[in-house]
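Construct the entire structure; sequences and hints are all you get.
Chains as they are written, first to last, in this note's numbering: chain A, 1 to 322; chain B, 1 to 322.
Since the hints were derived computationally from the structure, they do not count as laboratory data.
Some clues are possibly wrong.
The list that follows gives simulated cross-link-like pairs (lysine-lysine, DSS-like), each with its CA atoms no further than 25 Å apart [stated by the list, open to error]:
hint : chain 1 : residue 1 : chain 2 : residue 2
1    : A       : K151      : B       : K23
2    : A       : K262      : A       : K151
3    : A       : K125      : B       : K65
Some chain A residues flagged as far from chain B (calculated, every beta-carbon gap over 10 Å) [said to hold, decoys possible]:
hint : residue
4    : W5
5    : N8
6    : G60
7    : Y61
8    : V156
9    : E157
10   : G187
11   : Q192
12   : I241
13   : K245
14   : S250
15   : V267
16   : I271
17   : I289
18   : K308
19   : R320
Bear in mind the structure is a predicted one, so any value in this text is a computation, not a measurement.
Cβ atoms here follow ideal geometry from the backbone N, Cα and C, with glycine treated the same way.
2 protein chains.
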Amino acid sequence: MKQLWLFNQINSDLQRVEKELTKFVETGYPILQDSAIHLLAAGGKRLRPAFTLLAGKFYGYPLEKLMPVAMALELIHMSSLVHDDVVDASMTRRGRATVKAKWGNIVSVETGDYLLAKSLMLISKIDNPEVSRILAEISVEMCQGEIQQIKCTFDVEQTLKQYYYRIKRKTALLISACCKLGALVSGAPKRQVWALGAYGHSLGMAFQIVDDVLDITAKPSEFGKPIGGDLRQGIMTLPMILALKSTPQSSELRELLEKKDKTDEEVWETIAMIKSSGAIDQSMQLVDIYIEKAKKHLQDLPKIPTRKALEELAEFIRTRKF
Amino acid sequence: MKQLWLFNQINSDLQRVEKELTKFVETGYPILQDSAIHLLAAGGKRLRPAFTLLAGKFYGYPLEKLMPVAMALELIHMSSLVHDDVVDASMTRRGRATVKAKWGNIVSVETGDYLLAKSLMLISKIDNPEVSRILAEISVEMCQGEIQQIKCTFDVEQTLKQYYYRIKRKTALLISACCKLGALVSGAPKRQVWALGAYGHSLGMAFQIVDDVLDITAKPSEFGKPIGGDLRQGIMTLPMILALKSTPQSSELRELLEKKDKTDEEVWETIAMIKSSGAIDQSMQLVDIYIEKAKKHLQDLPKIPTRKALEELAEFIRTRKF
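Below is the structure:
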């Protein structure tokens, strides 16, 4: 999504964020640097810096203030991705080379810590105490979301409430912060800071639900990672929770969802059951609700081309296949 | 060391730090809370909060300003311990099973992240941007120290320079920050902020060297953890580096130091070789140099009972057996 046309307004600045980030995480340590650079080079969607910059467009676009915020938010995101990848000891016993897994863990923990520490350096130089307060609160909540996810793996009793709790912390809060802080450091009026934050929140919720749907429905070649990952890791997502409620085969589905070490056939079987339960459509209906909420919040903002870009971004998130 | 007489001046406030910390890490998640509380209950020396408070004693002791700094620094320390445990594969700390041993890597990572995030909440509310700038820089350096340690495990070519680089980041910088920030938030003059920071730095270096010596020489019953841990994990410490230079059995020692998965007999053999090389005495001479440096920096400070307490603390660190 590096050249996503929706980001046309800010493409060269996004590239600058990328360049600055690469330079900023430079260290004398090949291991640390390689893993940090590896993450950056993986590209990802750079959504978070994009939201930060776009939010600033409404208020004079003070790029030198927006850059460190955009960079810090992407570093926080990268740090959380890396820590999420740390393999639990029990998973390494399932035939994965323990030395390799152990080395991966060590470098993952330290890389994540390093990226977070670098983000703190940027944040500590921002002349607005509100920024660090907001980010500190979000960091705590993100940890709580992650722990809840760990606690609830393979737990088929999981409720929708728990799911929303988790995806709010896993995804929505940070995207909300990107929009909010982009506006804040640009001197936006309070009400519009709030509106952009609320846009980002609803968009983040929609984004994660779509991600969870795609993990079940996507074509592997488009998705960029194997599908059924959540099923294999026991992460109970919206389509699964809804499918359990609506499928006629609920005890079979339950059994499959609870099963650790699913075979490929079992994964496909589970996917088929979820699809035939109508849960995918129901999930997408919830996405629609969040997208409409997001777009509604944009109505409070100045009517400039950036507002249209954010509306179209919301639409893109609804319809994306990757 | 909870009732260490050196902390008499501040004992009840140290207990308050402990109480506040326990309350502060409360969360709705038993796993997270249990692991965080588990760490707190392991007790430790509470050195870092003690340094912070003692530094403030010179300048009117504004306790409400010192408390959040003391708490934040202890949380940063705890966070690094938990993450180090993932990295070091250690199973006990201070005689109790580590978070990792009890709950696995993922929970260790998340507990560490959570404790750090909580510290950021405290730091973000401190009305002095210098505090977060200093802590952010230290966090980056601590990561770099940890990575260097990972990179240099079982590396017998390690130099003294590399060792000092590492212990500065692993221990001295944070202790220095405790002293410095305690003074800073209490409104100390710049020169004395510096002096206390320099005291803490030298003391931290001495503290770590003594720790490394004790890992070889301590009586297990006093130490709170099995001895020879560094030898087993391939962490090359000062006594080992010095022993390699001065022992007549350098190729045997080299071989033993490089050996992963040492037997108990091999650990004892290595310890015996290090002891007979004179490296322990040499290490303690370096400790003496750092302690004298530390005490010299105290000369710049107001001559009040706290100054005597800090001098005696320095002496205690020189002579401690645990």
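Hints violated by the structure (numbers, ascending): When the structure is compared with the hints, none of them turns out to be violated.
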